[in-house]
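Colleague: The residues making up each chain are set out below.
Protein chains: 2
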Amino acid sequence: MAKVKLTDLVLRDAHQSLFATRMVTDDMLPIAAKLDKVGYYALEAWGGATFDSAIRFLNEDPWDRLKKLHAALPNTPIMMLLRGQNLLGYRHYADDVVAKFVETAAKDGVGIFRIFDALNDPRNFKAATEAAKKTGKHVQAAISYATTPFHTIDKYVELAKQFADMGVDSLCIKDMAGLLKPFDAYDLVKAIKKAVDLPLEIHSHSTTGMSVSTLEKAAEAGADILDTVISSLSMGTSHSPTETMVEIFKGTEYDTGLDINLLLEIASYFREVRKHYKKFESSFLGADTRILVSQVPGGMLSNLESQLKEQGASDKIDDVLKEIAVVQKDFGYPPLVTPTSQIVGTQAVFNVLFGRYNKLTGESMDLLVGKYGKTPADKNSEVVKKALEALKMEKEITHRPADDIPNEYGKLEEETKKLLGTDTVSTEDVLTYAMFPKVAPDFFKNRSKGPVKFTAEDAAPAATPAAAAPA
Amino acid sequence: MAKVKLTDLVLRDAHQSLFATRMVTDDMLPIAAKLDKVGYYALEAWGGATFDSAIRFLNEDPWDRLKKLHAALPNTPIMMLLRGQNLLGYRHYADDVVAKFVETAAKDGVGIFRIFDALNDPRNFKAATEAAKKTGKHVQAAISYATTPFHTIDKYVELAKQFADMGVDSLCIKDMAGLLKPFDAYDLVKAIKKAVDLPLEIHSHSTTGMSVSTLEKAAEAGADILDTVISSLSMGTSHSPTETMVEIFKGTEYDTGLDINLLLEIASYFREVRKHYKKFESSFLGADTRILVSQVPGGMLSNLESQLKEQGASDKIDDVLKEIAVVQKDFGYPPLVTPTSQIVGTQAVFNVLFGRYNKLTGESMDLLVGKYGKTPADKNSEVVKKALEALKMEKEITHRPADDIPNEYGKLEEETKKLLGTDTVSTEDVLTYAMFPKVAPDFFKNRSKGPVKFTAEDAAPAATPAAAAPA
Ligand SMILES: [Co+2]
Ligand SMILES: [Co+2]
Chain W
185 MAKVKLTDLV LRDAHQSLFA TRMVTDDMLP IAAKLDKVGY YALEAWGGAT
235 FDSAIRFLNE DPWDRLKKLH AALPNTPIMM LLRGQNLLGY RHYADDVVAK
285 FVETAAKDGV GIFRIFDALN DPRNFKAATE AAKKTGKHVQ AAISYATTPF
335 HTIDKYVELA KQFADMGVDS LCIKDMAGLL KPFDAYDLVK AIKKAVDLPL
385 EIHSHSTTGM SVSTLEKAAE AGADILDTVI SSLSMGTSHS PTETMVEIFK
435 GTEYDTGLDI NLLLEIASYF REVRKHYKKF ESSFLGADTR ILVSQVPGGM
485 LSNLESQLKE QGASDKIDDV LKEIAVVQKD FGYPPLVTPT SQIVGTQAVF
535 NVLFGRYNKL TGESMDLLVG KYGKTPADKN SEVVKKALEA LKMEKEITHR
585 PADDIPNEYG KLEEETKKLL GTDTVSTEDV LTYAMFPKVA PDFFKNRSKG
635 PVKFTAEDAA PAATPAAAAP A
Chain U
185 MAKVKLTDLV LRDAHQSLFA TRMVTDDMLP IAAKLDKVGY YALEAWGGAT
235 FDSAIRFLNE DPWDRLKKLH AALPNTPIMM LLRGQNLLGY RHYADDVVAK
285 FVETAAKDGV GIFRIFDALN DPRNFKAATE AAKKTGKHVQ AAISYATTPF
335 HTIDKYVELA KQFADMGVDS LCIKDMAGLL KPFDAYDLVK AIKKAVDLPL
385 EIHSHSTTGM SVSTLEKAAE AGADILDTVI SSLSMGTSHS PTETMVEIFK
435 GTEYDTGLDI NLLLEIASYF REVRKHYKKF ESSFLGADTR ILVSQVPGGM
485 LSNLESQLKE QGASDKIDDV LKEIAVVQKD FGYPPLVTPT SQIVGTQAVF
535 NVLFGRYNKL TGESMDLLVG KYGKTPADKN SEVVKKALEA LKMEKEITHR
585 PADDIPNEYG KLEEETKKLL GTDTVSTEDV LTYAMFPKVA PDFFKNRSKG
635 PVKFTAEDAA PAATPAAAAP A
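Taken in sequence, the protein lines are chains W and U. The first sequence stops at residue 655 when you use my numbering, and every number in between is there. The second sequence stops at residue 655 when you use my numbering, and every number in between is there.
Honestly, I wouldn't trust all of these hints.
To be verified - Pairwise CB distance ranges, derived in the manner of DEER restraints:
#1 W:LYS251 / U:ALA497: 56 to 64 Å
#2 U:GLY634 / W:ASP626: 56 to 64 Å
#3 W:LYS462 / U:GLU489: 44 to 52 Å
#4 W:GLU489 / U:ASP220: 24 to 32 Å
#5 W:LYS251 / U:ASP499: 49 to 57 Å
#6 U:ARG540 / W:PRO214: 21 to 29 Å
#7 U:ASN445 / W:ARG540: 23 to 31 Å
#8 W:ASP587 / U:SER466: 51 to 59 Å
#9 W:LEU213 / U:ASP220: 51 to 59 Å
#10 U:LYS374 / W:ARG540: 26 to 34 Å
By construction, these hints were calculated from the structure, which means they are not laboratory data. We put the beta carbon where it would ideally sit given N, CA and C, even for glycine.
Based on the provided sequences and hints, a complete structural model is requested.
Modeller: Right under this line is the structure:
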């Protein structure tokens, strides 16, 4: 009854977190039959940074990957991670593009849409959720987890209720940085399960070393689904090991019922595959516990350090860390995830170097006037005033940001036709162009050469791998 | 009241598990003042493989390290790991050597003697325990944890009572391989705490990825002290991160009360130190969950694989893994730790290659006739008979093995004098010679040159580091 289900993230978040999202489809397909036999709740295998990485680094068509995986996984739903109105790109899209994207993803193989937004603004979930519901597929709203004075359990419960009212099929607590502590997870899950009658999934990165305990306590509190990764791609900045959770729960009321021997075969396969990507791995020692105090994700910390170094102000790092707390409060307590982590971090650096809010970045202004959506808490009105003045705006945007974006699919289709020099283009190509208009042209040109291939011989460590942040 | 205490293993088990026990004293002393300020229950810093490594690889006097650490840690007890009647060597010593060793270690700085034995035979704890009690220092009996059909909770409780009756000051569950699952830890701790009124410490390696959860559940069940390692040397084959446990318990009834910022400074120090030893690190990916099924520790598995390869029988590994379960049962269910893991493993290989028990190894015979002590369960009498016949013995040894060893300290002292060419020798040198008679001569010769030094420039990976097993 209280049996726990597992979603394995090995085909998406694991390699995004461990080796810069570089895993190619050819390293996925040979193990697909076994993965499909496990009986996972789902396999997260698409979205996040995989789309970008496929066309930018792998010369691989992400839509092609989706179709192939779907064919190879007849019994297991494919989950994708979708950044609300941003889809997989880095700006807000018009609703017609959102609808087309979701519809096409559903047709090509996505079974579960996990939708999130850096500000947890339900309005940024709206178009994607409605489009996904229309396809008949499963829609999951993922709540970005942050630990700020604003983010009480009550606030999360309130959010959960709002998403439930939008008609989503399940909820997820998305803890990108390993901030969710076991006893807090217990209380949070208890409260949400009590308030909302929806399956609840827990996504908690292992960065700080507590994820296994967090998942265990979440299960005790009634979490329905846990996100794990097969052991050989687990831990570090990735996730709790699948087999470990299976063995922890074996014989208890949370027993997953999964076949440990089958899982060990899969672990063994990926132990070899991982060797192909050694040069993209960053060195990660033990656990990184700094974030538990600073609340600043590891990737953000390195960015800040190099920003300060460029300015010859390396000694100011402690001031900046303290200033981040101030900026996060003034900006309405956004969770520190992409893109808000960069916005808050850079503004904190500016505040320390040039005096508090003497210089606002363009992104800070946009966030302050509502262009990213509604921040969780109220913002500092003095700082908002500065942003409005700088942008020559009368007042904040209080409507859904995407309401200001006119439909654009037709225009994007025309541009794609021009780019490809053809009269007809596939919806997939239009959407690829829409996501990454600067990268798509080269990709379209080279696509026919086929994907790159990594082998164990590529294992020499590179200078600085362009690691994508865990998400 | 239920406040949890922490023992940090960074100066012993962490580097023994991660980089072949190579950390030199000069990398410990600069951080000693901060370590001493934390308020740890203890710092495990001596014994285990550190003694062997110091004289064999580091040209460093282990007694000298102990004295220096003791001087640098006035407020924190130094814990040492002692292998019962084996002390830190690889044979049973006479009681007078055991007494001298313990007395000298206490005088030079050990505050807590953690004593263990591969067979959990209380008679192998006797001499060391009595000697340690006589010094007035704290004596802890560590029970090696195994998961076999014999090892029920009742059996562990029985053992715990036996050790309590011997007058030890505290107990430890010593889980070398990461086999102790969270819910099992909960039940085990509850049962032991109910039966025995002694502080209980939990030592559980992170190898399988579940240690943080195991410690958390152990605390819920009433464990008094948890073994952790500062984050930058944590996880993998090492242990749960100290700061992570501190943060998990913060604000709960288990709150450790330790200063997280001080711990982060220590973590930062060891993050740099670890770089000095990169060439000794083995690559460890995520978590190794194989042992949860095979019960065979990772190091043992690699040994078996290379033994089979030498015999051109690499395809027999699955047969050997199955045979290990048979041999372990026939040999009276010894926990698979040094040296029993090697004995059982090699015998399983022999059984598969030459037929079951057609060929007994010398060590198997010794174990079967009682030369290592009493095995936890009854042995297969047919197999014991074979061993007795081969050794031309009438019956098994049922007394304490060390009863057969006449006092030997005087003889060892004379040999040491001869070796050093002096009329007087320090007790420390006699004991060093006693532990490693083959290594000591070279060490004595070169000692005056001083310890080796590792720097970050040594970071190129070596061919095959002589990694010591976690313990
Ligand atoms: Co993630
Ligand atoms: Co150990």
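Colleague: Are the hints correct? Go through all of them and say.
Modeller: Hint-by-hint comparison with the structure:
1. A C-beta distance of roughly 44 Å is found between LYS251 (chain W) and ALA497 (chain U), which places it outside the suggested range of 56 to 64 Å.
2. Restraint check, GLY634 (chain U) to ASP626 (chain W): a C-beta distance of roughly 59 Å satisfies the suggested window 56 to 64 Å.
3. For LYS462 (chain W) and GLU489 (chain U), the Cβ-Cβ distance of about 22 Å falls outside the hinted range of 44 to 52 Å, so the restraint is violated.
4. Distance hint for GLU489 (chain W) and ASP220 (chain U): a CB-CB separation of about 30 Å, consistent with the stated range 24 to 32 Å.
5. About 38 Å separates the C-beta atoms of LYS251 (chain W) and ASP499 (chain U), a value inconsistent with the hinted range of 49 to 57 Å.
6. Checked against the hint of 21 to 29 Å, the C-beta distance between ARG540 (chain U) and PRO214 (chain W) comes to roughly 37 Å, which is inconsistent with it.
7. A hinted range of 23 to 31 Å holds for the C-beta pair ASN445 (chain U) and ARG540 (chain W), which are about 24 Å apart.
8. The hinted window of 51 to 59 Å between ASP587 (chain W) and SER466 (chain U) holds, with their beta carbons roughly 56 Å apart.
9. A hinted range of 51 to 59 Å for the beta carbons of LEU213 (chain W) and ASP220 (chain U) is consistent with their spacing of about 56 Å.
10. In this structure, LYS374 (chain U) and ARG540 (chain W) break the distance hint of 26 to 34 Å, their C-beta atoms being roughly 54 Å apart.
Going down the numbered hints, you'll see the structure goes against 1, 3, 5, 6 and 10, while the others check out.
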